[in-house]
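Produce the entire structure from the sequences given, and follow the hints as far as they go.
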Amino acid sequence: MAHLPDPSNVKKQLIQKYPTKVARKRSQQIVINAVAEDKTVPEILANVRTTPGIITQRGCTYAGCKGVVLGPTRDIVNITHGPIGCGFYSWLTRRNQTRPEGPEDHNFMTYCFSTDMQDDQIIFGGEKKLRQAIQEAYDLFHPKAIAVFATCPVGLIGDDIHAVCREMKEKLGINVFGFSCEGYKGVSQSAGHHIANNQLFKHVIGRDDTVDPHPFKINMLGEYNIGGDAFVIEDILERCGIKLVATFSGNSTVGKFENAHTADLNCVMCHRSINYVADMIEKKYGVPWIKVNFIGAQSTAKSLRKIAVYFDNPELTARVEKVIEEETKAVEAVRKEVKSRCEGKLAMLFVGGSRAHHYQDLFREIGMKTIAAGYEFAHRDDYEGRRVLPTIQVDADSRNIEELTVEPDPEKYRPRRTPEQLKALNEKGLEVKGYEGMMPQMDNQTLVIDDISQYETEKLLEIYKPAIFCAGIKEKFGVQKFGIPCLQLHSYDYGGPFAGFKGAINFYKTVDRMINTQLWSYIKAPWQVNGKPLLEAELVNS
Amino acid sequence: MLLRHTTSEIKERSALTINPAKTCQPIGAMYAALGIHRCLPHSHGSQGCCAYHRSTLTRHYKEPVMASTSSFTEGSAVFGGQSNLLQAIHNIFSIYEPDVIAIHTTCLSETIGDDIPQIIATARDKKYIPDGRYVIHANTPSYVGSHVTGFSNMVKGMVTYFAEPGTQTKTINIIPGWVEPSDMREIKRICYMMGIEIILFPDTSDVLDCPQTGRFEFYPKGGTTIEELKAAGRSRMTLALGRSASVAAARELDSKCKVACEVMELPIGLRATDQFVDTLRRVARVEVPTLLEDERGRLMDMMTDMHQYFAGRRVALWGDPDQLVSLTEFLVDLDMRPVYIVTGTPGKKFLSRIEKALRGKVPEAKVQEGPCSDMFLLHQWIKQEKVDLLIGNTYGKYISRDEDIPLLRYGFPILDRIGHSYFPSVGYVGAMRLLEKILGLLMDRQDRDAPEESFELVM
Ligand code: SF4
Ligand code: SF4
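First to last, the sequence lines map onto chains W and U. Residues in the first sequence are numbered from 1 upward in steps of one, following our numbering. Residues in the second sequence are numbered from 1 upward in steps of one, following our numbering.
Misleading hints may appear alongside valid ones.
[What the hints assert, rightly or not] A partial selection of chain W residues facing chain U, derived with a Cβ cut-off under 8 Å:
hint, residue
1, 110
2, 240
3, 478
Simulated from the structure, these hints should not be mistaken for lab results. Ideal placement from N, C-alpha and C gives every residue a C-beta, glycine not left out.
What follows is the structure, given as structure tokens:
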């Protein structure tokens, strides 16, 4: 590893140009990592507002709700209630793949539905148009469910979308529900995830009690099937003999959500976007949850083993081990080769609310070091681990979002494991309901930066000149103008999948291709490199 | 089937838009503002809109798109966005040091009714705006018009804020409308060939098609300068290309600085380019250079050579009004049949402009603008009676695949191809490129469908 600059110096450079107030706040969101013996880490400021005028990676509540959580479900007609833009921009842009079982099955993901509000609805209210739009959607498509998403102006003019939904549910006899996910609520997409989860929990989960007799039933939470990730995970689980009841929400259907509470274990991938659902299902139905990570070959193996430990069945364990063994061979061959070319190089990840953590495992596997990382919309627990949950102060922006009080269901509550069993599992090293967070897994003296700004990104690139930078589309081309490749980790640059063992191989190859191409070395023309003008004498002599 | 629920049976809709053929105002304003040198577009509203607009522009141009936001939260929605905007202006000038901040509103700040000029004045009083720097604005409520309206409003804002009257110069203003950076470059090239001095605004060339140099320039070298925008008020006249996108600014120049304007269609295709060149010749009192006449001649040559493959082919188009009008005229000139034409951008004038472009030659044509004019409707028409070619943005690829009809990607946004923004489609050269692309699509299709015995080597 090349000599690295002193991180406290770097931090200074990142914030020195800011006006005092901004600098003060940013300095709490930029932390030099230091992991203690007991895995505690320094405190980071997260899930706070982005300062106006700062160029941020963040999106909005609507994007988190409609775009992230509900978007990937194929058989819901998702109507965006608002002016045309919001619906337009969330139309098919997240690469959520889906695979309807037959040609007759519903699939509305390729469609964009909007009430396209006009100024007279802004003045006189849009409820009438919304009601009519729901009716028209029903008449045209006869879907199982219709969901309505409120955008900024809707909240402001006070349309009661929930009343309209209730009324239309009654009238049409199908499930119609709404999301008050106006963009201004909360400080990022994260608020939208929360709102989405609450409504799914209230209106969908638990409506179908049919129990599959399969002994090893799980839900996968926080997996959105970007680039086919969920397909890879589905395949692995099936080969292991684990039954997937529902995935929230990649490649999903309403029917699967309705049945999700019958599973015996919830596996949480993206902690940030969905830990609420896991907690609520546990409280109401008695299903415990564990944190898993199917990004990275070793993490995938580890996650499969966690599931096996939970079910504690020799046959299942044997199948899991067999799958891991089979897959690992192929992975290792590629990994070793790629590692020889990537070892020691630097990576940076600034993306999502879990991705900046998960993808570090893949880089580690090929010998690369993550020198700086951070999330777009995480909370402190995603950085520092759930142990800080009791100390997180709820500010006004979070208080806006409904917090459901969940009680055990008088009929359906069935604890899958007794407290003693859970304790025993914990002793075996299976942390139930736990998440350690990103920082404890990062090296000391690395930089952890929450809600990174464009300015800080530029500075980091200048100072460290990493081999690769991972972010989203808005950052990509700016980074590449520095001559540094940028891998989009929201969309995988339209490659992938990157999950599971197959995905790990894809990822190694992608990174290898990106950082070891000769293309970047051609940026300067020969005359720009040896820019000395030819003397006339040289021409004459040649 | 990707659009498996679309049937040919058309049911009356009045409230539900399905697969829109337009998007919202601010993105157009953001694109226009990027055409000012050293300008940072600023979105006054919640940060989601800004993120969406930047993402979509980036996906289309494959270039960095910088823009800041007022990052509204619930409090700003209740109490107004003044304090957010003041903070933003202060921070932006401290950190990003632009020459100009171009503010556009979103539906949120519009609905609240934030008074932007008043907030700018307050920012000036508070000395948040350094000397020699500017803050301009445009109102861009998304519940009126479309992205084209937003573009038009911001271009008009440039005039309102900058154009200064004075002694007339020889210069001609050209407002290019919503076209690609390459198109703006092509317009400049034509004028250069003709020896005409122009001020082009906005000008996104060298902003959204930047060379890779290994150095990131937060403000790329392109864009119309403030000096040019000021001088636009003293130009001899203005050519406004594309009624929907450019007229507002041209009118404003006329009333503010008495610069006369001529409005014409976007120079896409033979005759629209002819009109453009001829007008330039006339108003600048120059001769059309042989080089340009040769370009025209080569285009004519291609058109006559290709005619047999084009004549009678049915085409469906969707997109922005100005582009649709010129494209339609071009297709009709080639004896093609633009039978279905849809724009989500409302505006009654569109219908008469299209009618003029159709010249009564395609009586079966169905044209629709305004509410519920969307790609769902267009698809339903196609299901009723097929077409040979689709022309429109990326979102048409689903129809293209389901119905097995070739698609010429044209307009905004194009999210699934790279390179379109580097080649012009205006001017004679642009028309040549369009022809080559269209014929390529039709012939690839013919090759694919031909039975073995009639698979042609020479076509
Ligand atoms: S809230 Fe308005 S301005 Fe923002 S994306 Fe939606 S339609 Fe566009
Ligand atoms: S970390 Fe990512 S998958 Fe999770 S919510 Fe994200 S963008 Fe999403």
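Hint-by-hint comparison with the structure:
Proximity of residue 110 (chain W) to chain U holds as hinted, the smallest CB-CB distance being about 5 Å (cut-off 8 Å). The interface hint given for residue 240 (chain W) is broken, as the beta carbon of that residue sits about 32 Å from the closest beta carbon of chain U, more than 8 Å. Hint status for residue 478 (chain W): holds, given a least beta-carbon distance of 4 Å to chain U, under 8 Å.
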